[in-house]
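> Sequences and hints are given; from them, build the entire structure.
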Amino acid sequence: MGCKIEEVNEFAENIRRDALALLYHAGSGHPGGSLSCADVVAYLWSEELNYCGDSWQKKDRNRLVLSKGHSVATIYAAAGRSGLIDPAEARSVRKINSALQGHPHIKDTPWVETSTGSLGQGFSAAIGMALGVRHQEINSHVYVILGDGELQEGEVWEGAMSAAHFKLDNLCLIIDYNKLQSDDLNENIMGLEPLADKWRSFNWYVQEIDGHEVSEIESAVNKAKSVSDQPSVIIAHTIKGKGVSFMEGVPAWHGSVEITTEQLTQALQDLGIESGNMEAYINGDFWK
Amino acid sequence: MAISGNKELTSSNSPALIGAAGDSMREAFGMAITQLAEQYPKLVVLDADVAGGTGVHHFRDAYPQRFFQFGIAEQNMIAAAGGMASTGLIPVVTTFAVFCLRAYEQARLSVAYCNRNVKIVASHLGLDVGPDGGSAQTLEDIAAFRAIPGMTVISPADPFEMKLATKAMLEYDGPVYMRTGRSPIRRVLDADYQFEIGKGRTLRDGSDVSIVACGVEVARALDAADILSKEGILARVINISTIKPLDVDLLVKSASETGAIVTAEDHNVHGGLGSAVSEVLSQYAPCPMEFVGVKDVFGESGEPEELAEKYGLTAPFIVDAVKRAIARKGGC
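One line per chain: the protein sequences are L and D, in this order.
Taking our numbering, the leading residue of the first sequence gets 1, the next gets one more, and so forth.
Taking our numbering, the leading residue of the second sequence gets 1, the next gets one more, and so forth.
Rather than coming from a laboratory, the hints here were simulated on the basis of the structure.
Here are some, though not all, of the chain D residues that point toward chain L, as calculated from beta-carbon distances under 7 angstroms:
{"id": "1", "residue": "Phe-70"}
{"id": "2", "residue": "Gln-75"}
{"id": "3", "residue": "Asn-76"}
{"id": "4", "residue": "Ala-79"}
{"id": "5", "residue": "Gly-82"}
{"id": "6", "residue": "Ser-86"}
{"id": "7", "residue": "Thr-87"}
{"id": "8", "residue": "Gln-106"}
{"id": "9", "residue": "Leu-109"}
{"id": "10", "residue": "Ser-110"}
Because the structure is a prediction, the values reported are computed rather than measured.
The beta carbon of each residue, even a glycine, is placed where N, CA and C say it ideally should be.
Structure (structure tokens):
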């Protein structure tokens with residue numbers, strides 16, 4: 001089963017453009033981590049979820065939980081491109097009376113699978129989903145994306161122990177390892193290394209990849225699906241703010257920040273939008 | 001390094017019961033949830049290594065495939081319960097009340113904010129915990145859990161009501177926090193007693209004052225009413241086993257008819273049943289109120305009855321509170 005790498009790459013670029021435009025119209029939010037996980041989200045969304053119509057409601061759907069909920073713009077971008085969001089809502093993220101909350105919330109966007117925004121909890125909820133479907137003999141893979149700073153939450157290690165104990169081979173964790181958290185480098189806040197060894201010692205099947213290389217994402221996800229009696233973790237090495245010159249590796253773009261029109265224009269140029277095609281993004285018509 | 005193992009490892013530790021089987025609310029809960037398992041095939045039970053203390057060892061022994069051991073890790077357990085519920089299961093999460101507080105934010109976000117059909121059933125409440133002391137004696141849980149939007153909060157009065165409430169909790173679709181209880185407790189409710197979420201019940205009629213109680217304090221409220229009747233004071237006793245949503249109609253009617261209210265709970269007087277009742281009555285039927293409960297202090301080791309005496313939860317304290325409330329009638 002070969003993935004269409006060019007298509008996923010293009011989807012990822014569109015996710016980045018849309019995510020930044022969504023945050024621009026929101027007037028606040030978290031661009032850095034939304035950009036770093038865009039390739040992973042693009043791959044999982046197009047190859048593992050592949051939602052069509054109401055297919056996200058099927059009991060045996062694969063599930064994706066964004067435990068690093070502050071990067072929700074990435075998920076909204078993928079969902080918007082998949083027809084799950086009314087195009088007119090592109091300007092409503094983080095606004096009052098909007099379906100598109102500042103962090104994933106199942107109330108009006110049930111396809112986010114669980115509400116997140118408090119780090120660590122989406123991981124545990126995903127563990128519960130993997131246990132729940134297995135208990136009911138439902139064939140479903142559960143994917144969950146965690147940030148690196150999120151790994152500092154004690155709950156994550158409670159979950160790590162439990163998923164291995166329960167031998168949840170239908171669970172695949174992807175760590176968006178962009179090395180930066182809210183205020184500074186992980187290593188200056190609370191060091192994570194040796195990270196792969198930590199997960200190995202918790203009895204997880206561990207893979208490390210370049211989280212921006214779709215072919216590596218594809219092969220790691222496929223490998224994870226073939227592992228038995230062990231949960232899988234893919235440590236995806238990424239760049240915070242990936243694709244936007246002035247955001248890459250700059251902690252200030254973690255958020256929550258306001259993106260100016262000039263910054264959006266520059267960012268979209270970095271992401272391959274011709275100056276003549278800026279208008280739809282700046283007007284909020286990019287899903288129409 | 002030589003590592004020596006235990007020579008006689010035993011699994012499935014069952015507790016040394018305090019009192020006879022079935023006479024504590026945790027035992028009643030554990031047996032009820034086991035009896036209901038066939039009727040509710042989606043029901044699963046989650047434990048954090050305290051099954052012997054919460055009563056769900058009965059379920060574990062009868063339905064091992066539907067019993068999930070999460071280890072001593074309550075935050076993960078409660079958030080995972082939310083995920084399990086999203087797949088159509090009815091997770092019943094059990095641990096001591098104080099560890100529910102430890103996972104309070106998980107109950108808030110992954111259960112209530114998601115409106116998951118998760119039931120959190122807590123044992124080891126209040127001074128009723130006894131010898132384990134202040135660290136385990138949870139006096140804050142009603143306040144905490146009733147502050148979560150959409151969370152139903154139940155505290156049955158005796159083992160019989162516990163059985164009825166357990167079934168009602170499973171029948172209800174939505175998040176629930178329910179208190180059981182550690183110590184042996186006498187039965188106070190009749191065989192024809194009906195439990196309904198959101199409904200209080202008048203257990204004894206009276207016209208001079210209403211004593212509104214929950215949990216272990218219901219028996220003490222009935223005792224207080226007996227003492228008062230010998231002095232010519234007719235006390236109505238109301239069991240408010242659902243603290244949220246509160247039976248507003250019953251409370252307003254009782255306040256209007258008796259003109260004075262005394263609440264009684266094995267909980268801090270701040271934020272619990274008394275606060276919930278006063279929130280309602282101050283709006284719709286203001287009258288003199290007195291609050292029997294723990295006065296904003298932590299507990300300590302001791303037997304439950306000794307602690308109830310020391311911290312002012314026994315029937316004589318309710319009697320005194322009733323007299324104070326009645327004395328203020330007409331003056332407010």
